[in-house]
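Chain by chain, the residues run as shown.
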Amino acid sequence: MPDGSIGAPIKRREDRRFLTGNGRYVDDINRPNQTYAWIVRSSLAHAKIKRIDTSKAEKAPGVVRVLTGADWAADGVGGLPCGWQVIGKNQTPMHEPPHPALVADKVRHVGDNLAVVIAETRTQARDAAELIDIQFEELPAVVTMADATKKGAALVHDSVPDNICYDWELGDPAACDAQFKGAAHVTTLKLVNNRLVANPIEPRSAIAEYDASGDHYTLYTTSQNPHVIRLLMGAFVLSIPEHKLRVVAPDVGGGFGSKIYHYAEEAIVTWASKKVGRPIKWTADRSDSFMTDAQGRDHLTTAELALDKDGHFLALRVKTDANMGGYLSTFAPAIPTYLYATLLAGLYKTPVIYCNVRAIFTNTVPVDAYRGAGRPEACYLLERLVEQAARETGIEKTEIRRRNFIAKAEMPYQTPVALQYDSGDFIRNLEDGLKSADYAGFAKRRTASEKNGKLRGIGLATYIEACGIAPSAVAGALGARAGLYEAAEVRMHPTGSVTVFTGSHQHGQGHETTFAQLVADGLGVPVENVEVVHGDTDRIPFGMGTYGSRSLAVGGSAIVKAMDKIIAKGKKIAAHLLEAAVDDIEFANGTFKVSGTDKEIGIGQVALTAYVPHNYPIEELEPGLDESAFYDPKNFTFPNGCHIAEVEIDCDTGEVTLCSFNAVDDFGKIINPMIVEGQVHGGLVQGIGQALMEDCVYGEDGQLITGSFNDYSMPRADTVPSFTVAANEGAPCTHNPLGVKGCGEAGTIGAGAAVINAVIDALATRGITDIAMPATSHRVWQALQQSKA
Amino acid sequence: MATTTVSMTVNGKKVSADVENRTLLVQYLRESLGLTGTHVGCDTSQCGACTVHVNGKPIKSCTMLARAADGAEVTTIEGLAVGDKLHPMQEAFRENHALQCGFCTPGMVMSAIGIVERNKASLDEKTVRHELEGNFCRCTGYHNIVKAILAAHKTMTA
Amino acid sequence: MYDFNYKRAKSVDDAVASVSGVEEGKFVAGGMTLIPTLKQRLAKPSDLVDLGDLKDLVGIKVDGSSVTIGAMTPHAVVAASPEVKKAIPALAKLAGLIGDPMVRNRGTIGGSISNNDPAADYPSSVVGLGATVHTNKRTIAGDDFFTGLFETALEEGELVTKVVFPIPEKSGYMKFPNPASRYAVVGVFVSKGPQGVRVAVTGAGSHVFRVPEMEKALSSSFAPAAVENIKVSDADLNSDIHASAEYRAHLVTVMAKRAVAEANG
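Residue numbers (the numbering used here), protein chains in the order written: chain A, 279 to 1067; chain B, 614 to 771; chain C, 2 to 266.
Calculated from the structure, these hints are not laboratory results.
Note that the structure is a prediction, hence the values are computed from the model and not measured.
Where is the CB? At the ideal position from N, CA and C, for every residue including glycine.
Treat the hints with care, as some may be off.
Per label pair, the in silico range of CB-to-CB distance [as the list claims (entries may be wrong)]:
| id | chain 1 | residue 1 | chain 2 | residue 2 | range |
| --- | --- | --- | --- | --- | --- |
| 1 | A | I307 | B | T622 | 20 to 30 angstroms |
| 2 | C | K87 | A | Q312 | 50 to 60 angstroms |
| 3 | A | Q312 | B | T622 | 23 to 33 angstroms |
| 4 | A | K328 | C | S240 | 31 to 41 angstroms |
This is chain A alone, in the form it adopts within the complex (with noise of 0.2 angstroms):
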């Protein structure tokens, strides 16, 4: 296999800088003459802002100048707006109230932005912040979605009835009803999916910069699409034309969706950067993360799985109440509808699906996608009960699984709601899974354990997830207020070498190396000549940027139509130099060859004659080798596959170990193995950690108690073992050019229930079916405890 070539596993280009302290992220940037700015944020959940006085900030030493809501209100620009209208009941559109950068009435969550403090130091506008005197009338505050449903709640936003966004539904619930009628059993699970807070450890940061002699605005931020950030920013918030308006975003230290949003901060300094006239930066603490960064998850729900007397599944029927926290962020009402209840067919034939979900606003920091988002609380859903069941019917584990499988040769398969699969081989991914597992040994392993006074459980999770969003279309027509095509443009430079303009951006996916392969082998040229630039508004075409696992499905094959229209063009030049029919060149290995012959000629060949046109086609062919194309994707993608968990309970403490985790996922064709592999790895963890330790927790009064890293959990080196993870390429994606189907959520979704599902494998054991998320030392020992008695 040629250096460079798709599927080799070649180092990552963008290393160096990274590992020598040479990456630029947003707080690495400083402009000159800048100021910084610090956010007043509130201290209660829900409040009246009675009166705000500055005068004493305003006379700090060093503050350039303190704004406020009001300030922000008699400005008249706009909030921050919601990307996805979901359609309830009865064609009810959801509710949308305002969401102002600051706020002026009342705030909605603890950490909700009150002021902004400009100064020469980070640390002067802090220290004035201090002295801006503020007067609340404090209210009750909605903190559990239990709270804000109750009759007489106090409300979030007054134009919102009962706290309830939106009162969705997928499915035909009378039919749903008759299959349960009919069932020869019905497991039935209530589930708590714990909310989450998404912590890159790069926190957000913002840096914006007016040029009043050609009334333009340049904006450097921690995001995920900086295109997104500028149309949004731009046409809702602050009226700002697009042509006037740049936006970076460099290196960024990780996203996990938490940095796709347009976040209040980057209005406020690109609108204070006017007003200042002068740089402006802001940087996010690790607090103002927990407080302020859209946190992922939180479900309750209610599942009742119907089964038929041979265990096969008859009927799903769902009731789901989705977290919204105190406002509406970016995309938060598609990811509790469109990327949760349309995947609860999973990888079974269940006939009838019905999933209710209402939207809830609470007194806590917005909810939205978080690495998964949706797919990982319906595989949860699905596969809980589906090991349920398994306990229940008497059935194994895997033999029920095997039982409702959607065969291979079954696709591509309409589910009941709404999707349909393209490609997947179920059957081996678990076969595959089994075996890398030595599922077969596992009942001399629990023995083993069980003789060291501990509790072995094995778990499964069988998971699909639809990534590569989204066909413009389809999106629209379920309320995307964008499309969600990607763009590229492939620039062959004179002497042979490539820049690609990417619209899909990288935060760790290493796109700089994938992409610069996938160029590599389709134009033949040495992997080294070529570059990959993303991330800045004005550089690269209007593109989405990255998030559900979209970038090589969309991005990559965006990319590759560039590179066709490349190699059609370089065709005719090729048959112009060779004096043959365009139809009989052929183009292999960076070589356009006149097919049958020996007549050839290098795409550097060509590419030197597109710009230096002297013996050139000139009257039906233009100069210059440079394309761009929009890739609009057909379908989604379906990756899938089967993660296996074992475990180990210490029953005096509580104690979960993870002994060994085991991934067999099919991402169709794979381009570079080694990123492939990390971003599963990472992706594990994630799941991981929702399962064993991460929980956002508010207390009564909607104070964030895990709002720092002293409380909040998190994953370290010891949480984990080293994982064995495979990859199953024989069923690729069958309609976009490359057959890949996505990485970057895997991880996530699968392993979350499948450790759970191994915790309770060991609990049962013991009597115990069911465990709340996460599976801490002391939920288990509580568990163990309960028992007991």
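Position chains B and C relative to chain A; hints supplied.
Showing chains B and C alone in chain A's frame:
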């Protein structure tokens, strides 16, 4: 704003800058010296992204005053490679895909060198995982970081 | 953090003199608790007196009957000391479980016990071994040193200079760490030696405490079985999102049992 001149040797070079008493070492490095390779990922001394070596030992530069490092020898991520040649730990991270977004990486590498220094005679996976307890990585799942450190131990002690 | 006056003390006397007569003077040793506290703006000292140059307070001395650790000795030095490992292995182990390697390179025993965080490790060894705390003014028995939540017997301007640990016949330390902070949810130090049989618990209460019932039982038979059915009352124990008082009480028994097993080797 009262300031004092603080001098130290950073990556072999004598440096000095005027800072407030409350200035942290990490602020001194990033803001006064422009050495932005050292990162800040939290405010409670947990994440380890700010790890540098002071007088040969890894410490968290977000939890040390610049004035406390007056006169010290400091090594940051920028001081490891010699010209184009990466330090064996940097090379092992590259070789084993032990970094993704790169933000925790400088602290991770500085901490990892400390692990090898403390365990020259022998090093196993369990020890590596335990001694990484002061560094968070949200991208890699630690799998390849552990692999890289074990690989670097071999080259560094060969 | 708020700004403050800063001084690096040249000697113990200089340090003590430097905090007297100022509005609110604070010693800073390794700063592993104080600096984060200042960063969160939870304290506003007028003067910080840095003890980092007091090299006389750094070091470990082992004789036939005791291990003496200078107040400014970092945890990492104690954890790695072959002498301590030999004389009181549980003490070296404990030092190696504090914080993380970077914290252990800066944090000191003097700083740790003077701060007396309810979940800190070191107080359990000071009480659990019946150590003596030496200050610039006097010596204080370990049993009398820790007086409450973040409170000690230290007076204004009093500075810990060293801690003297009698070498026991046996000792063990078991810690159940908080999954987020890695402080002790419960840590139990047990020993049998010149100070009798001792069981000291950190993390569970407002400050370190001994468990006389366990000590009595272990005096008759120094074996894990002796403590396995002894429960401490959860009435005054800490309770938070990570562990209820009931769970902490249970963990005291489990950790005590395991510490005894460790002590017995």
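Hint by hint, here is what the structure shows:
A C-beta distance of roughly 27 angstroms is found between I307 (chain A) and T622 (chain B), which places it inside the suggested range of 20 to 30 angstroms. Between K87 (chain C) and Q312 (chain A) the Cβ separation comes to about 56 angstroms, which falls inside the hinted range of 50 to 60 angstroms. As the Cβ distance of Q312 (chain A) to T622 (chain B) is approximately 29 angstroms, the hint placing it in 23 to 33 angstroms holds. At roughly 35 angstroms, the beta carbons of K328 (chain A) and S240 (chain C) sit within the given window of 31 to 41 angstroms.
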